[in-house]
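Sequence lines, in order, name chains V and E. Reading the first sequence from the start, the letters are residues 77 to 189 in my numbering. Reading the second sequence from the start, the letters are residues 2 to 120 in my numbering.
Some hints here could point you the wrong way.
[Unchecked claim] Calculated lysine-lysine pairs in the DSS-like style (CA-CA distance at most 30 Å, straight line):
#, chain 1, residue 1, chain 2, residue 2
1, E, K71, V, K116
2, V, K94, V, K116
3, E, K17, E, K71
4, V, K116, E, K74
5, E, K4, V, K112
6, E, K74, E, K17
[Said to hold, decoys possible] Incomplete in silico selection of chain E near chain V, CB under 10 Å:
#, residue
7, F13
8, I47
9, L85
10, G86
11, F92
12, A94
13, R96
14, F110
15, G113
16, R115
[To be verified] Some, not all, of what chain V presents toward chain E, calculated at C-beta under 7 Å:
#, residue
17, M91
18, T92
19, G104
20, A107
21, L121
22, F140
23, A156
24, E177
25, F180
No lab work stands behind these hints, which were simulated from the structure alone. Note that the Cβ used here is the ideal one computed from N, Cα and C, for glycine as well.
So the chains spell out like this:
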Amino acid sequence: DTEVTQTPKHLVMGMTNKKSLKCEQHMGHRAMYWYKQKAKKPPELMFVYSYEKLSINESVPSRFSPECPNSSLLNLHLHALQPEDSALYLCASSQGTGGYEQFFGPGTRLTVL
Amino acid sequence: AQKITQTQPGMFVQEKEAVTLDCTYDTSDPSYGLFWYKQPSSGEMIFLIYQGSYDQQNATEGRYSLNFQKARKSANLVISASQLGDSAMYFCAMRDQGEETEGAQKLVFGQGTRLTINP
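Starting from the given sequences, assemble the full structure and let the hints guide the process.
Shown next as structure tokens:
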């Protein structure tokens, strides 16, 4: 299995809602990433988990809360988002030490009303 | 800090022609890695090719090759015999040497080039 899966594919939420994005990989990768991508822009790194520990937080607002329950799963909990948070959210994983390329999931297109 | 520059916002190419997508980079670190990703309109980022700074030969993967000119700090992607399915956004990226934690690494992306293949 050489893919990263993300659910849901599309999400529409109000500013008072709480929702979660889910990412899963079964490649045995030990590093997992969340990116945010606005239209016509490159992905922007949000969080990195390495061996199930948060290793990088790119000063992301607290309304985004990541969670890594185990080495295969990565969640992004959303609460009290703003319309400007509407974007494509991409999850990626990499092998960790010795492996360099990141494998991306198909993304979740989030719309905040 | 590392920086990636892609100077072509958009390119239009006839089907079956070869195409070169430009990428220049800036880093003071002697050890670095360069990546190319393809992003179709569906959104998924697809890894295409990787070049390490110490690799002696240019990387190749099927129809993709990387024209690595270290002295000029350029890592252009060459797609041979282009196909309609090659129409997508292409990103050049570099591994950020200052941000590596237990194997996890931060990528620095260029602004991307939108490639359109015409029939």
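Against the structure, the hints come out as follows:
no.	hint	result
1	E/K71 to V/K116	holds (29 Å)
2	V/K94 to V/K116	holds (27 Å)
3	E/K17 to E/K71	holds (29 Å)
4	V/K116 to E/K74	holds (25 Å)
5	E/K4 to V/K112	holds (19 Å)
6	E/K74 to E/K17	holds (28 Å)
7	F13	violated (17 Å)
8	I47	holds (7 Å)
9	L85	violated (21 Å)
10	G86	violated (17 Å)
11	F92	holds (6 Å)
12	A94	holds (8 Å)
13	R96	holds (6 Å)
14	F110	holds (4 Å)
15	G113	holds (6 Å)
16	R115	holds (8 Å)
17	M91	violated (24 Å)
18	T92	violated (27 Å)
19	G104	violated (12 Å)
20	A107	holds (4 Å)
21	L121	holds (6 Å)
22	F140	violated (17 Å)
23	A156	violated (25 Å)
24	E177	holds (5 Å)
25	F180	holds (4 Å)
Figure legend: structure checked against the earlier numbered hints; hints not met, in rising order: 7, 9, 10, 17, 18, 19, 22 and 23.
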